[in-house]
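Undergrad: Given next are the chains, with one letter for each unit.
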Amino acid sequence: MLDTCKRTYKLRHVLSRSGTLLAWTLSAVPLVGVAELAVHIKQTTSDVVTEAQWNAARDVVKAEATDDDLILFAPFWADPLGRRAFGDTLSGIKKEARADESRFARAFEVSIRGAHRRELAQWRKVSERQVGPFTIGVYENPAKKKILADVLDEVGPERMTVTRVDASGTETPCGWQRGVGQPGGLAVPQGPAVPGDRFVCPGGGYVGAAIVDDDEHHPHLCLFATGTGTTRIRVHNVTFGEFLAGHAGVQWMTDRSPTAERIELAFSAFDRPIGHHSHKVGSGWVSFEFSTPEFAGKRGDLVANVTSSSSASARHFCFEANTR
Amino acid sequence: MSAASPAHEKPPSAPAIASPISSLRARKNVDTLVGLGLAGGYVTWLLATARSLGFSRDEGFYFTAARDYERWFVLLLDSPRKAMERSAIDAIWQNNHEHPSLMKSLFAISHWLFFNKWKVFADESTAFRLPGMLMMGLAIYVTYIFSARHFSRRAGLVSALALGLMPRVFYHAHLACFDVPIMAMWISCVYAYWRAEGGGNRLGSTHAARGSLGWAVLAGLVFGLALETKHNAWMLPAVFVPHAVFVLGVHGRAMVQSLAKTSRIVAPASLVSMAILGPLIFLLLWPWMWNDTIARLIEYVNFHIHHEYYNIEFLGRTYFGPPSPKAYMPVMILATVPTATIVLFLIGAVDRVRILVMRVMRAASSLAGGRDRAETDVLILLALAVPLMPFLLPHTPIFGGTKHWMPAYPFLAILAGRGFDIVWSQLDACVLSRMPLHGNKARVARVSEVTAIALTFSGALAVTVHSHPFGLSTYVPFFGGTAGGADLGLNRQFWGFTTQSLDPYFQKNTKSGDTVYIMDTAWPSWARLVEEKRVPPWLRGVSSPAEATFSIVHHEQHMNEVDYNIWTEYRSSTPHTVLTHDGVPIITVYKKSPNHR
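The listed protein sequences correspond, in order, to chains A and B.
Using this note's numbering, you'd call the opening residue of the first sequence number 979 and step up by one each time.
Using this note's numbering, you'd call the opening residue of the second sequence number 26 and step up by one each time.
Simulated from the structure, these hints should not be mistaken for laboratory data.
Wrong hints could be hidden among the right ones.
What the hints assert, rightly or not - Capping the alpha-carbon separation at 35 angstroms, the derived lysine-lysine pairs in DSBU-like fashion look like this: (1) Lys144(B) / Lys1020(A); (2) Lys1020(A) / Lys616(B); (3) Lys144(B) / Lys428(B); (4) Lys1072(A) / Lys616(B); (5) Lys536(B) / Lys1040(A); (6) Lys533(B) / Lys1020(A); (7) Lys533(B) / Lys558(B); (8) Lys1020(A) / Lys428(B); (9) Lys1103(A) / Lys1040(A); (10) Lys536(B) / Lys1072(A); (11) Lys351(B) / Lys1258(A); (12) Lys1040(A) / Lys1020(A); (13) Lys1040(A) / Lys616(B); (14) Lys53(B) / Lys1040(A); (15) Lys1072(A) / Lys428(B); (16) Lys616(B) / Lys533(B).
Said to hold, decoys possible - FRET-style restraints, in silico, Cβ to Cβ: (17) His329(B) / Ala1034(A): 48 to 54 angstroms; (18) Trp259(B) / Asp1144(A): 55 to 61 angstroms; (19) Thr1028(A) / Lys533(B): 17 to 23 angstroms; (20) Val1264(A) / Asn620(B): 32 to 38 angstroms; (21) Thr1237(A) / Ala352(B): 25 to 31 angstroms; (22) Asp1144(A) / Lys558(B): 54 to 60 angstroms; (23) Pro304(B) / Gly1262(A): 47 to 53 angstroms.
To be verified - Chain A is nowhere near these chain B residues, computed Cβ spacing over 10 angstroms in every case: (24) Leu310; (25) Glu324; (26) Pro350; (27) Lys533.
Glycine included, C-beta positions come from ideal geometry on N, C-alpha and C.
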């Protein structure tokens, strides 16, 4: 009986206390609005990174960075602000629309809001400093790859020939054309830009350097090789190394609807096959690498055959390749 | 949780019951005045800020349609017989016939009267936009009245504030579009039905729990207008039918007894009215439907059932088709509705659901014993849930951001009003009642009440004011604000309406003969921006960066490709400027090098 009374008293006491707590909690609800106001004021004043602060961060990086250094802005949504402040000299298309980070020995990460680029996850942090709202980190690549030749540096009639290959193996040249490109209209999705400078093939299709928007909406400078059938790209006088590596992908709007279709990319040199990448639509921006020790140190033509059966995906296929 | 109870839950000795009819009328007049004051104030705010908000894609299309419809209305006055000929009807009303005509007709009439005829507005666009703004006023008014009648005047005031101080609602309320109008028609229709079913009558009123035929007819009319506003209205029966079934199930016996005594029909007159008047008004007000009616109805239904999926980013991923993420709707509500409003809503909703569940847990006889024969809580919860539920289905497109479920917001706001009543009762009990106030108690209580409301909505007000003209980029402070939304990978904007915000830049950096690639800005929207000198009139819009001196990119994840295409064409990735809101890129502008071929 005594226990029951004690239990009842305890329960009432707990209920009474929780009731009081609830009452006070409810009474404090207007403070949610006040807290909301306080956070809002901070977010719209001191948290906003100004153009002058971006420029100050640029000056700090500019004093140290070399042309070979990669500069990354974090978070990714801040990229336009970084590009505006840093300009093409420090951060141009080749760095912004890189195939990957492997060729860079060092990177500067210019970060706000505590963001960090996942591309640098495996890199070694050398230093870090605060410049206003920025955290500027310097990172070293533990697995830097030395590039001997980059196909993207060879685009043009001087160092490259392009042909269409019919079923009988007959090659028809694709002529080099310089001019204004076709960077899309008002409709979105609009597909990749058709570059102004390109090889134009008979019967449609072209080969030219432009930027692919990958399935994660990141840019990659690459060589579009469009059109159905086989397009042969011959890059002259390439210095070979131990490896031929590269990436391939299709524009996001094609890539986001995976199909069974494949686009074949076959490399050869000195009349011998090097390797073959079978690109599956929907697989994203993917890398490939072929071992070429027998060609290491030699110079010769690198031949890439791009074969596609569908004009839709072929229109959006591009690749990049380099020797290492 | 003890709290002030809604009016219909007051005990028989409550003052409202004892009040004479004149007192009730006085109260009604005060409520009408307060409601109109809130609505009028809000519309004034919208008008005052309209000039600084650019034109969305859809507005551009509706401006064009409204101009066409205006020609028909003029023809109707000048030559009615000719206007009624099929050739005249089809030639004009085929424009934008995928949406009903009510709002576009109102845009047209407003433009005709307030711009062409009476020259009330300097901008044509403001005349086009006025009906949408007035619809927001209607939504504010009905939200206030509904909440004030069901809960309290305090709750009504808080409900109206909660609705008006949502940044997304504030943005959409400016537009010559249909999303705010359907929100207004949704709550108006629910309100008319509620009144028809006896809701909102104070205890002691001679009409208590009975409603009136007038409200039933009005419910039918409003339902028809709602159908003619936007297709969301076809979901309204999913509110009314379950509600009517619930009422019948709970109060059926009493209603049958009443029928035996009075020979009155049990079937809700408002439902009958809506079933008859709704489709009738829908067809009568839409000239496009006057010819080939069946085929055109089928086309209309098919358009919306098989609507294209547009791209929209959510948590860093762009969705472009089913399945839509189930978390989209709840996360976006939490991210865009001020948190204080959400907290009040949760308090109010928990209170009403708790009471409802307690009643359901009891015997049916107890259920029937409830004083609210209109079962208002059930109605509010249904009217809140029905616009939201489709967004939990995998095949519902989510490209509209929050606008497609806005009809739920007045009811969210009403429950927030109830939540504040509870908060206030606790504040009163915990704080005010312990203060030695002597004779000033009433005055101090009133000042405290106003202060508590002001503090509660101080954040919401600041965020809403600051959001303009970037309402779609705004996320609430506890989600990190605009930058937090960008961090989370939430959509930054759509419809390309932010182009106008580049005006200061264009004024400073462009000259006669310069061209601009207008990107996501619709042609009619751009034309209106130029016409109204919202951008320099010397600028010529073009459809490709290749033709442009300046190219712009409206930042949405799936529009990154436009950025990259401009890099390819201009051989540079360096913007000339970046338009930001709270440090977050909204539009990037590129300037073509003079050396470019």
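Undergrad: Does each hint fit the structure? Answer for all of them.
TA: Do the hints match the structure? See the list:
| no. | hint | verdict |
| --- | --- | --- |
| 1 | Lys144(B) / Lys1020(A) | 43 angstroms, violated |
| 2 | Lys1020(A) / Lys616(B) | 33 angstroms, holds |
| 3 | Lys144(B) / Lys428(B) | 31 angstroms, holds |
| 4 | Lys1072(A) / Lys616(B) | 19 angstroms, holds |
| 5 | Lys536(B) / Lys1040(A) | 33 angstroms, holds |
| 6 | Lys533(B) / Lys1020(A) | 30 angstroms, holds |
| 7 | Lys533(B) / Lys558(B) | 15 angstroms, holds |
| 8 | Lys1020(A) / Lys428(B) | 28 angstroms, holds |
| 9 | Lys1103(A) / Lys1040(A) | 19 angstroms, holds |
| 10 | Lys536(B) / Lys1072(A) | 32 angstroms, holds |
| 11 | Lys351(B) / Lys1258(A) | 30 angstroms, holds |
| 12 | Lys1040(A) / Lys1020(A) | 30 angstroms, holds |
| 13 | Lys1040(A) / Lys616(B) | 24 angstroms, holds |
| 14 | Lys53(B) / Lys1040(A) | 70 angstroms, violated |
| 15 | Lys1072(A) / Lys428(B) | 40 angstroms, violated |
| 16 | Lys616(B) / Lys533(B) | 13 angstroms, holds |
| 17 | His329(B) / Ala1034(A): 48 to 54 angstroms | 52 angstroms, holds |
| 18 | Trp259(B) / Asp1144(A): 55 to 61 angstroms | 57 angstroms, holds |
| 19 | Thr1028(A) / Lys533(B): 17 to 23 angstroms | 18 angstroms, holds |
| 20 | Val1264(A) / Asn620(B): 32 to 38 angstroms | 36 angstroms, holds |
| 21 | Thr1237(A) / Ala352(B): 25 to 31 angstroms | 29 angstroms, holds |
| 22 | Asp1144(A) / Lys558(B): 54 to 60 angstroms | 58 angstroms, holds |
| 23 | Pro304(B) / Gly1262(A): 47 to 53 angstroms | 50 angstroms, holds |
| 24 | Leu310 | 33 angstroms, holds |
| 25 | Glu324 | 23 angstroms, holds |
| 26 | Pro350 | 15 angstroms, holds |
| 27 | Lys533 | 15 angstroms, holds |
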